[in-house]
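There are 2 protein chains.
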Amino acid sequence: MPGHVPRYLEKLTPVSEAIRIIKESVKPVSEVESIPVWSAIGRVLAKDVVAEHDFPPKPRSAYDGYAVRASDTPGKLRVVGEATIGRIEHGLRVDPGTAVYVSTGAYLPDGADTVVPEEAVRREGEYIVIDREFKAGKNLDPIGSYVRKGQLLLPKGYVLSMFDVVALLDVAVTEVEVYRKVRVGVIATGTELFEPSNPREAEKRILRGEVAETTAKLIEYAISRYAPWASVVWRVMLPDDIDTISWYLTRQGTSVDMIILTGGTGPSNVDPFYQLAEALEAKVLFRGLFVKGGRPTSAMILNNGPLVIALSGHPISAFHGFVRLVYHVLKHIGNVKRSTEPPLTALAKLASPVKSKRPQPIKVKLRVVNGVLEATPLPPERQLSSVTVSNVEADGIAILREAKVYEAGEWVPVHMFREPEGYEG
Amino acid sequence: MPGHVPRYLEKLTPVSEAIRIIKESVKPVSEVESIPVWSAIGRVLAKDVVAEHDFPPKPRSAYDGYAVRASDTPGKLRVVGEATIGRIEHGLRVDPGTAVYVSTGAYLPDGADTVVPEEAVRREGEYIVIDREFKAGKNLDPIGSYVRKGQLLLPKGYVLSMFDVVALLDVAVTEVEVYRKVRVGVIATGTELFEPSNPREAEKRILRGEVAETTAKLIEYAISRYAPWASVVWRVMLPDDIDTISWYLTRQGTSVDMIILTGGTGPSNVDPFYQLAEALEAKVLFRGLFVKGGRPTSAMILNNGPLVIALSGHPISAFHGFVRLVYHVLKHIGNVKRSTEPPLTALAKLASPVKSKRPQPIKVKLRVVNGVLEATPLPPERQLSSVTVSNVEADGIAILREAKVYEAGEWVPVHMFREPEGYEG
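Line by line, the protein sequences give chains A and B.
Oh and the first sequence: position 44 is 44 in the working numbering, straight run, nothing missing.
Oh and the second sequence: position 346 is 346 in the working numbering, straight run, nothing missing.
Any given hint might turn out to be false.
Chain copies aren't distinguished; within one or between two, either way the pair holds.
Unchecked claim - Below 25 Å or equal to it, Euclidean Cα-Cα: the simulated DMTMM-like pairs (lysine to aspartate or glutamate) are:
#1 K349 <-> E421
#2 K349 <-> E424
#3 K283 <-> E118
#4 K204 <-> E33
#5 K11 <-> E278
#6 K204 <-> D54
Please keep in mind that the hints were generated in silico from the structure rather than gathered at the bench.
Bound conformation, chain A alone:
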């Protein structure tokens, strides 16, 4: 029961300042490994990727047609064989007066210097008739026309996308050097929490006032989807008990680079965050963010190594903490200069004005109007953090980065979790 003077959120730190403090205090991972390109989706390049070969290494046909000597056109040529992609008959070559059928992408047989497309010839038995002249180098991709040996393909610090993998395999880059994954532990704190497993039982417990744990799961989901270079190596649920949480952090802290605590960060007679820091002899980086929705967000560094970021126990506020802070911290620890698809998937035009006293997330409806994405905020009473159920009325979350009045028509970044109305694929 209370009785002490609260010592809580005396000074709120702006988000950009919080990120700066963490960047100064936490070193990025340095271990690297070479892995096959096809296993590297979502990983961070530890070294520039450069082309290892001129590609194509031989001229390649750009059409289905006939590889011939330009000096033989126009003319009647004998077809002596066939070269398809990845396959040339051994010893096959184009001598004067002959032609070889080639499919798109096939390497030209020796001797040939041009390609006559299929539709430009008349076939007569084993002969083809070409009516006009074809210059050397026509209808083919010359050596090195896709990439030159040594050419920079992707810079260090880029996160590899599926499309990059496709591209690199296309020019015979099959292995890349990447940083090891950032290891994250997640602890949901809250004596009222339970991990639901049986729907009927869960329903009863929620009606009784217990809380099904979802905030930490939401954060794990956000990490796996938007920070694929990190992986949640454990996620647990602990009671609001400083000794228990300290014990866990002491035992398991060294297994990860970063720990995310959700919940247990709110006001109380004695500030649990400072209590925890004291129990662990940890260095507090900041306590409280200048935001609405995630105000109790805080950070400390444990003396056994890892960074601890404490997020709100409320899902939307914690998600706000993820988007504004954790995502950027994960980029820093992971050495990311440029990521793949970020959590703020789109920019939308506000349909109505909103007053934002502090940077904050707002729930919005999304629709496409004349090709433009428009975000309409839910009414204020549905924005309240207690009314989590209003998520179902929203299509996404807009992030108001500044403390100001946003006018209708201003652009804001949004996290989209539902297809906008009027979306056409």
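Put chain B on the given structure of chain A with help from the hints.
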């Protein structure tokens, strides 16, 4: 070797027409199952989700403070206990002249009808002093204030997002009825293909002209990320051999709702798509799309049930086929009215004009300029389908839905695979 008259893409079908034809010919899945809400992310609701209870079922405190009787305020009250979220001491009630400490979210003990926030009281030993009047119903969330029993929460046909799961668990909806997943098989066809496993060996083979299979993998990736209500139950690689492909489709066709073929759809002396349809006694729905990038896209229905969609073997063209056609077909078969985050994640303003003779995908650079997402097309020579490696220069793919000249400043939907330049989280 060639010699016949090609019978290839005689009539190109517009995309919207192709979708309509498929919708008319293919029935959505009808089997439903009840599953826990927390397992239902990405699944399609088979029934409206309505609130099963007024929620909260009892008044809930909206602050950390004291539950009291309004008629006792102002006044000095004895604190007789504590109610935290999910926990009320057995038999605890608020009788005249008493108060109970409540934390945010806790149910009010019987007898109390208002909450006095912690900061509005003066504590004196086991007593609190309240200086002013608090009306009944203040600082609490009344019964049914989040949702009313029977209230529609999410309509049938919506895909459940992580945020919906959070919302539903908040009001004790723990189970939902969903359609079974759409089952998809993927076949990469191409005698030149191989599935890379060893980087050194793969490099040699690619230099020799063989092709590492990536198109079918890209499609599987797109399905898992953007159509989570479907699942790829098998993916295989087969040679360009009608008999082998027919055999496979005959043996494995019944295990899935839909099969995607990649490659083997291009021009040839005898149209392999029609050959395949003939061998399988399948009904051809259309052969060839009116697009640039995925023109050979076609569809047939096998006599043992499943729909077959043939996509280009080229990764970007196949992806175009996914975005424009397959995604919508998967929505149809899966009974989806409204999906979660779609593959065209953003709308962007074209930075320069582009001429589009047929609907097509173009590779673009993305950056945020004055809060607006801007898409700059790569130069024409880097758009060529043969130059897959130019993916690394792009940040995303813009979809030009119409055959027309797009002016600078027009809005186009984009699939973003790299964080735009100037992106702020």
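Right, here's what the structure says about each hint:
| no. | hint | result |
| --- | --- | --- |
| 1 | K349 <-> E421 | both (14 Å within a copy, 19 Å between copies) |
| 2 | K349 <-> E424 | both (18 Å within a copy, 16 Å between copies) |
| 3 | K283 <-> E118 | neither (73 Å within a copy, 30 Å between copies) |
| 4 | K204 <-> E33 | between (49 Å within a copy, 22 Å between copies) |
| 5 | K11 <-> E278 | within (19 Å within a copy, 75 Å between copies) |
| 6 | K204 <-> D54 | between (66 Å within a copy, 13 Å between copies) |
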